[in-house]
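Participant: Hey, can you work out the whole structure from these sequences and the hints?
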Amino acid sequence: MSEQEQSTVAEPLEVHFPQAVTPDERKGYQGYVVATEALPEVATYARDELGYDYLSSVTGVDYLPEGKTEVVYHAYRTAGGPALVLKVQVPREDPVVPSLVGIYPSADFQEREAWDLLGIRFSGHPNLKRILMWEGFHGHPLRKDYQEVYFEAENKPFKNRWPEGKVYRVEEKAPLKKNVQYPPDFTAEGWVPEGDAALYAGMGQVVAAEGGNGRALNTDQIVVNLGPQHPSTHGVFRLVVTLEGETIVDLEPVMGYLHRNHEKIGERNTFLMNMPYTDRLDYICAMGNNFGYSLAVEKLMGITPPERAEYIRVMMAELTRIVNHLWAIGFLLNDLGAYFTPALYAIEERELVLDVFEAVSGSRMMCNYFRFGGVARDLPEGVLDVVRELVHERLPRKVDELDTYLTHNEIIRARCVGVGVLPPEDAIAYGMAGPVLRASGVPYDVRRADPYSIYDRLDFDVAVRYNGDVYDRYIIRLDEIRQSLRILEQVLRDIPEGEVQTGKPQYQVRVPAGEAYGRVENPKGELGFYVVSNGKPNPWRYHVRAPSFINLTAMGEMCKGQKVADVVAILGSIDIVLGEVDR
Amino acid sequence: MYGIGILKGLGVTLKHFVETYVDDIRWIGRRYYNDEALAVRQGPKARGVFTVQYPEERLTLPEEFRYIPFLVYEEQEDGTRHDRCTSCGICAKVCPPQCIWIQRSNDPDTGRPIPQPTEFFIDIDICMNCGLCAEYCPFDAIKMDHDYEMASFDRFAEHILNKERLSKPVSYYASIRPQNYAREETARAAKEAAKQARRGG
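Going line by line, the protein sequences match chains P and C. Take 1 as the starting number for the first sequence in the numbering used here and just add one per residue. Take 1 as the starting number for the second sequence in the numbering used here and just add one per residue.
Hints are supplied without guarantee of correctness; some may be wrong.
Derived contacts from chain P toward chain C, CB cut-off under 7 angstroms, selection only [claimed, not checked]:
no., residue
1, VAL167
2, MET273
3, PRO276
In case anyone wonders, no lab produced these hints; they're calculated from the structure. Just so you know, even glycine gets a beta-carbon here, dropped at the ideal spot from N, CA and C.
Facilitator: Structure below.
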């Protein structure tokens with residue numbers, strides 16, 4: 001990583017901050033360890049002087065044996081290139097780290113998540129409260145000494161499955177009540193939902209502080225809950241909206257209804273076991289999730305897949321992108337009130353692509369197809385012909401059809417043009433990724449900015465649109481499908497014969513100690529996996545940088561000043577999947 | 001002019017509407033309950049609606065389709081069953097949600113493990129159909145099934161499958177996954193031949 005800094009005019013970090021910044025010299029680790037109190041200064045320097053304007057991921061690692069907690073920041077340049085990795089180490093007992101929300105607003109939700117799950121307090125965070133767990137929850141579940149409900153053993157595989165497998169149901173062996181921790185003097189009956197009360201009160205205070213709306217006719221503001229049952233059609237999710245008439249004054253997303261502590265499950269699993277779990281993050285794009293996780297672990301293992309496997313991977317990832325964007329367009333139209341006809345037209349082709357996924361992987365959605373160093377199996381006979389037919393005939397026709405069907409429709413234009421505008425500098429600051437970022441005029445695509453797999457050899461354009469409104473977020477998805485088709489044409493032309501797996505398939509892979517951050521341009525944005533291994537069969541830390549989750553950071557910003565009916569349109573244009581938001 | 005975009009869009013809807021009739025006429029009387037028509041209707045050249053009249057007609061499953069695992073046994077000439085499973089435990093170790101329980105027993109005379117499972121359980125409420133057990137089984141003894149109609153009225157009584165309910169003959173496996181079966185048999189024969197040759201030499 002240090003070569004990158006030397007190529008710029010500004011002094012590299014360790015030269016500019018000789019006291020506060022030291023290179024991380026643990027074996028298998030990268031980046032810099034920054035003194036806690038110097039973090040804001042170092043981050044400002046990295047952003048303004050070194051050009052790392054895009055803070056991609058913030059997460060924590062609980063190093064229980066060393067008695068410390070580490071916060072890890074991955075920052076990138078939107079101009080492209082590798083990461084700047086900053087780390088802050090604090091004692092495990094009372095971890096306090098200065099918040100970076102003022103410098104990188106994209107840290108907002110991620111710092112809240114780190115507080116919620118790891119108990120790291122970020123001093124100066126404007127709204128530091130739980131985000132995935134509920135407010136009455138006791139403890140921080142990602143800490144290594146936390147044991148969840150139905151806790152069975154520290155790591156998988158569990159010892160009692162073999163050779164004396166006495167079958168039982170988890171509910172029998174680990175009853176719910178015995179294994180739940182409550183705060184001292186907690187009674188379920190007397191509990192007041194502090195978080196909700198605080199949420200509403202906070203929004204009410206905005207009104208009181210401003211002393212009315214400043215107009216001759218003094219009106220009241222009301223707080224409305226959109227959700228938690230499907231405010232549009234995207235899943236269980238809630239938006240708390242403060243309204244002045246029909247205009248939105250303030251909006252805050254509330255999530256976590258589908259939270260299952262994916263990362264804790266991942267840390268109990270062996271490396272390979274995590275693969276099918278990644279399918280369940282963004283369940284529309286299982287192949288893309290597999291891709292990101294494989295990249296991260298392959299980086300640690302130091303292996304690369306054979307040529308044919310790379311082509312198959314890219315083929316699957318691009319088909320996934322097409323599927324996802326068709327789905328996103330269809331459901332955006334659903335949100336706008338065009339109930340289901342456009343959605344069903346859009347997902348006809350999705351069915352055909354899912355047939356391909358089923359033929360290669362055995363499952364339409366939960367593909368579990370990628371393995372470390374390749375893919376699970378070669379393409380069955382006839383699959384390439386179907387993909388050819390789709391890529392050359394069917395899918396281009398569908399994109400053109402959707403284009404004719406929707407693009408110039410006056411109602412759609414009236415509902416979408418100029419709605420939910422996000423200027424490029426805000427889009428970068430809020431860490432938006434994928435089509436939402438590119439529709440705001442920032443041509444940032446991981447496939448180009450930091451190429452992985454064989455994307456550096458493929459010829460395609462990074463789709464970009466400049467208005468940053470809902471309409472551009474719709475149209476950029478059509479552009480991206482066209483680019484994906486271009487990529488697929490090249491893949492189908494060039495795909496070589498050969499092996500699809502490096503080395504012998506192993507059920508227990510050996511992963512050397514160290515850390516790795518693998519990221520891919522998933523259809524919804526940059527999907528990153530931060531994996532720390534300590535050389536054991538299970539990852540020590542497994543973190544998912546979920547694009548849907550971080551893209552919601554700017555939801556409030558986009559909605560302010562819009563009408564309440566636009567909220568669903570804006571939400572639809574971000575294109576979230578709750579499996580990934582809540583993890 | 002205002003409204004042209006909407007009219008164009010309605011044109012697309014009309015096209016879809018007409019296509020369903022065109023397709024009906026093309027397959028007059030044979031569009032449903034007909035394997036040939038079903039294959040075309042579900043393929044990339046399909047026109048009209050995609051609907052399948054389940055359960056009267058069913059989608060053809062690709063060979064790799066995977067649902068709950070089953071155990072493969074060989075039918076001996078004398079009519080008894082021989083489990084391919086040697087209770088090595090790899091499937092139980094690789095299973096991500098840990099839904100496989102295997103009981104292995106020891107020979108009372110020698111004290112060494114008997115290479116057959118005494119009991120074998122899969123909790124199908126927990127199984128996530130990932131297929132890793134079948135993929136990493138070194139003896140081709142556990143395979144993923146094609147039978148997806150598993151609904152029952154009592155989950156407590158029905159949803160933990162034991163060895164009896166899990167076992168299916170090799171012939172069944174060969175019928176649902178002919179290509180995989182052929183490939184594995186060829187590999188097995190080659191291995192066997194190599195062994196013989198070594199023994200002979």
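Participant: For each hint, tell me whether it holds in the structure or not.
Facilitator: Each hint tested on the structure:
{"no.": "1", "hint": "VAL167", "in the structure": "4 angstroms, holds"}
{"no.": "2", "hint": "MET273", "in the structure": "4 angstroms, holds"}
{"no.": "3", "hint": "PRO276", "in the structure": "4 angstroms, holds"}
The structure agrees with every numbered hint stated previously.
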